[in-house]
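Student: For reference, the chains in residue letters:
2 protein chains.
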Amino acid sequence: MGIIVQKYGGTSVGSIEKIRAVAERVIGYHQKGNKMVVVLSAMAGQTDELIKLARGMTDDPDPRELDVLMSTGEQVSVALFAMALKSMGYDACSLLAFQAPIRTNDIYGKARIQGIETARIRDELERGKIIAVAGFQGLDEHGDITTLGRGGSDTTAVALASILNAEVCEIFTDVDGVFTTDPSICPKARKMEFISYEEMLEMASLGAKVLDIRSVEFAKKFGVPIHVRSTFSEERGTMVVTETKDMEKVQVSSVAYNKNEARVTIKKVPDRPGTASKIFEPVFESGIVVDMIVQNTSEDGFTDLTFTVPKSDFYKTMKLVSDVAERINAHKVMGDEDIAKVSVIGVGMRSHAGVAKKMFDALAKENINIMMISTSEIKVSCIIEEKYTELAVRVLHNVFGLDDEKEEDL
Amino acid sequence: MGIIVQKYGGTSVGSIEKIRAVAERVIGYHQKGNKMVVVLSAMAGQTDELIKLARGMTDDPDPRELDVLMSTGEQVSVALFAMALKSMGYDACSLLAFQAPIRTNDIYGKARIQGIETARIRDELERGKIIAVAGFQGLDEHGDITTLGRGGSDTTAVALASILNAEVCEIFTDVDGVFTTDPSICPKARKMEFISYEEMLEMASLGAKVLDIRSVEFAKKFGVPIHVRSTFSEERGTMVVTETKDMEKVQVSSVAYNKNEARVTIKKVPDRPGTASKIFEPVFESGIVVDMIVQNTSEDGFTDLTFTVPKSDFYKTMKLVSDVAERINAHKVMGDEDIAKVSVIGVGMRSHAGVAKKMFDALAKENINIMMISTSEIKVSCIIEEKYTELAVRVLHNVFGLDDEKEEDL
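Same order as they appear, the protein sequences are chains A and B. Numbering of the first sequence is given in my numbering, commencing with residue 1 and proceeding in unit increments. Numbering of the second sequence is given in my numbering, commencing with residue 1 and proceeding in unit increments.
Just so you know, these hints were derived from the structure itself, not from any lab. Some hints here could point you the wrong way.
[As the list claims (entries may be wrong)] Using 30 Å as the maximum straight-line C-alpha spacing, the simulated DSS-like pairs for lysine-lysine come out as follows:
no., chain 1, residue 1, chain 2, residue 2
1, A, Lys311, A, Lys52
2, A, Lys249, A, Lys319
3, B, Lys319, B, Lys268
4, B, Lys332, B, Lys387
5, A, Lys249, A, Lys191
6, A, Lys18, A, Lys52
7, B, Lys52, A, Lys18
8, A, Lys52, B, Lys52
9, A, Lys129, B, Lys52
10, A, Lys278, A, Lys319
11, B, Lys387, A, Lys52
12, B, Lys268, B, Lys191
13, B, Lys316, B, Lys332
14, B, Lys110, A, Lys129
15, B, Lys245, B, Lys221
Could you build the full structure based on these sequences and the hints that come with them?
Tutor: Okay, here's the thing in structure tokens:
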């Protein structure tokens with residue numbers, strides 16, 4: 001039998017009892033002859049506790065030391081998990097990032113995995129042990145601890161699955177799989193059996209929180225199937241796999257939304273070469289991630305420039321941009337936090353024309369005004385007023401034929 | 001200027017505010033040009049929290065995994081401490097056991113330091129950084145985390161001071177120094193200015209909790225002076241140093257006591273070669289530390305055997321010994337938990353006869369019965385009824401001229 005990599009998130013290991021339940025589940029796989037490598041997150045709540053400690057010390061904790069602090073969360077989980085397995089009579093062994101080691105660059109707080117040495121893991125697997133790997137953490141070339149950022153344990157798991165050539169990477173979470181949209185605002189959302197890496201990437205980057213985007217990139221690159229499923233049930237979840245012919249038959253496979261963006265508009269920017277660069281330079285330098293950018297056609301030598309940033313960076317961005325606006329003699333800067341982005345996604349879009357039009361029509365019919373539009377090969381996104389988010393999601397879910405009709409019969 | 005190693009215990013770093021205060025204190029030293037290496041324990045309470053987690057999982061946690069868990073406590077402290085220093089504008093760097101590395105054997109839970117590689121520490125010191133080293137933890141030859149046992153941070157500090165050839169190793173704690181006896185039961189106890197390594201070793205092994213015994217052994221071996229002093233005052237504390245002529249002028253320098261022992265007596269043991277070995281074999285094999293052993297002269301081919309063990313091992317010992325007693329046809333096994341050991345210590349004993357007699361007389365005068373006696377070159381210990389402990393300590397403190405007479409004037 002081959003290697004199976006599983007990842008359990010914070011809620012799945014949120015208490016002693018839950019860790020014990022995970023151990024029992026993993027033992028079931030082990031008894032069938034699978035070689036088990038289990039990646040764990042910090043127990044739910046612990047990461048927040050640690051952040052609270054750091055913020056209590058200083059508003060701006062040193063990134064290197066913050067990673068030393070944060071990485072203790074996963075260390076606690078894997079130690080307790082290995083203890084649970086041993087107390088149940090199964091040989092197990094926890095491994096921290098420095099022990100594998102899992103090598104990353106030295107961008108503390110959002111390090112990227114550069115390689116994993118597998119000798120120790122393979123050695124312990126050969127001895128019949130169940131391996132518990134601390135997710136989220138890495139080791140840089142100076143021998144210092146790094147962390148991969150929120151959701152980093154997914155990346156640890158998929159990277160391990162890729163490098164160990166695992167049969168599958170199972171991501172256990174507190175939802176049943178990947179849904180056509182958020183079931184909490186659209187009761188007719190359906191769990192998908194399959195989704196392509198590309199669609200999953202779009203969903204992740206559009207704000208769906210199921211999988212960390214870097215883990216999907218890794219899986220796509222190495223062709224590792226990811227199985228997203230629930231820790232609390234035996235049901236199959238959603239397989240994230242290479243695109244198939246069947247997938248292309250569907251125009252739109254899911255609807256995503258994101259309320260965490262804010263919009264910044266600079267009115268009457270003098271339309272000269274280099275202006276956009278001047279505006280965005282301080283924003284990019286501050287590490288702020290700009291999502292959509294729209295520039296209107298110039299009129300009388302002036303243009304309007306609009307872009308979106310994460311809500312958490314809104315005030316910082318407004319300040320930076322206002323300073324520049326003054327220097328370049330722009331008319332004024334306006335900001336709006338009450339916006340949302342709704343998106344339709346599907347690899348089938350490539351072969352079906354008219355998805356964008358269908359989307360605009362559906363929104364217009366509900367009197368939902370579209371403020372900005374952005375498209376890619378497999379998605380169309382619109383910025384709308386935040387208050388219409390739920391309505392827009394339900395309408396689009398219905399219009400693109402995603403509603404679970406069984407649900408309606410009940 | 002040279003290197004100073006300081007160690008701050010759990011109470012000294014028990015909160016964000018206290019860690020900040022320690023940082024300020026260390027900066028003071030740094031500004032005077034000292035190269036600072038600071039060893040920290042886990043924040044007060046954290047070690048107990050972690051033990052609680054492990055015990056919640058299983059009664060008998062795997063030792064390797066327990067060390068992985070426990071070592072997170074010190075990791076949290078050093079990260080927060082380095083953050084504090086950086087936020088105050090001083091360059092700092094936390095180092096965990098695996099980063100130095102601090103090499104130990106693989107006896108999890110009570111590993112012994114075998115060596116410390118100092119290249120990284122010296123390198124960071126050269127760059128002007130204040131170094132925060134996680135106490136209590138080590139790395140074994142398999143690359144796994146170990147811990148040195150309770151009090152292990154003292155050992156980390158002294159070992160570092162020895163290997164770095166530090167000017168002094170300052171142990172900051174919540175008391176003002178080493179006292180002639182426990183001030184909480186003897187108000188006339190005096191803080192000692194100096195104490196020899198040998199006396200400190202006896203005090204540590206007799207139950208005084210100021211310094212971990214292994215740290216004193218290390219300091220003695222390498223001739224590193226230890227300065228035991230308070231985190232919460234600027235006063236000088238007690239220097240633990242090589243014996244001086246002055247020290248020998250005093251018969252007894254301190255009085256110690258220990259209420260954590262229990263007594264086991266086996267009556268009418270058949271007096272044959274190998275019997276003692278049969279009795280102690282299962283006890284030693286269980287890792288129980290036997291302190292005093294007394295065997296009476298044989299009478300009619302039978303003898304009585306009495307020994308003491310830590311109270312926490314009393315019931316286990318009684319069970320083990322009762323089994324053996326039956327096999328070797330001993331008469332019966334008796335146990336007593338209500339005992340205490342009082343001891344007088346002093347390198348001067350070597351050149352002053354009659355210390356034991358003076359001790360026995362003083363106890364007899366108060367009608368305190370002596371149950372067992374044990375002596376070494378520089379100490380005399382008596383087992384007495386527990387209820388007389390405080391009285392015995394005060395009487396001995398007075399009889400050997402240790403009382404603080406100033407105190408009496410008040």
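Student: If you draw a straight line from the CA of Lys245/B to the CA of Lys221/B, is it 30 Å or shorter?
Tutor: It holds: about 19 Å lies between the C-alpha atoms, which stays within 30 Å.
Student: Lys319/B and Lys268/B: Cα distance at most 30 Å?
Tutor: The given pair, whose Cα atoms are some 18 Å apart, holds under the 30 Å limit.
Student: Given the proposed pairing of Lys316/B with Lys332/B, does the C-alpha separation stay at or below 30 Å?
Tutor: At roughly 17 Å apart (the allowed maximum being 30 Å), Lys332/B and Lys316/B satisfy the hint.
Student: Would the pair Lys311/A and Lys52/A pass a check requiring their Cα atoms to be no farther apart than 30 Å?
Tutor: Distance of about 21 Å is within 30 Å: holds.
Student: Holds or violated: Lys129/A and Lys52/B, Cα atoms, limit 30 Å.
Tutor: 26 Å, holds
Student: So if I understand the rule, the pair passes when the alpha-carbon distance is 30 Å or less; does Lys249/A with Lys319/A pass?
Tutor: This hinted pair is violated, its Cα atoms lying about 47 Å apart.
Student: Take the C-alpha atoms of Lys249/A and Lys191/A, compute the straight-line distance between them, and say whether it is at most 30 Å.
Tutor: Within the cut-off at roughly 18 Å; holds.
Student: Lys18/A and Lys52/A: Cα distance at most 30 Å?
Tutor: Holds - the C-alpha atoms of Lys52/A and Lys18/A are around 24 Å apart, at most 30 Å.
Student: Quick one, are Lys332/B and Lys387/B close enough, alpha carbons at most 30 Å?
Tutor: The given pair, whose Cα atoms are some 26 Å apart, holds under the 30 Å limit.
Student: If you draw a straight line from the CA of Lys387/B to the CA of Lys52/A, is it 30 Å or shorter?
Tutor: 47 Å, violated
Student: Given the hint that Lys110/B pairs with Lys129/A, does the C-alpha gap stay at or below 30 Å?
Tutor: 25 Å, holds
Student: Given the hinted pair Lys268/B and Lys191/B, is their alpha-carbon gap at most 30 Å?
Tutor: With a Cα-Cα distance of about 46 Å, the restraint between Lys268/B and Lys191/B is violated, given a limit of 30 Å.
Hint check: violations occur at hints 2, 11 and 12; the rest are consistent with the structure.
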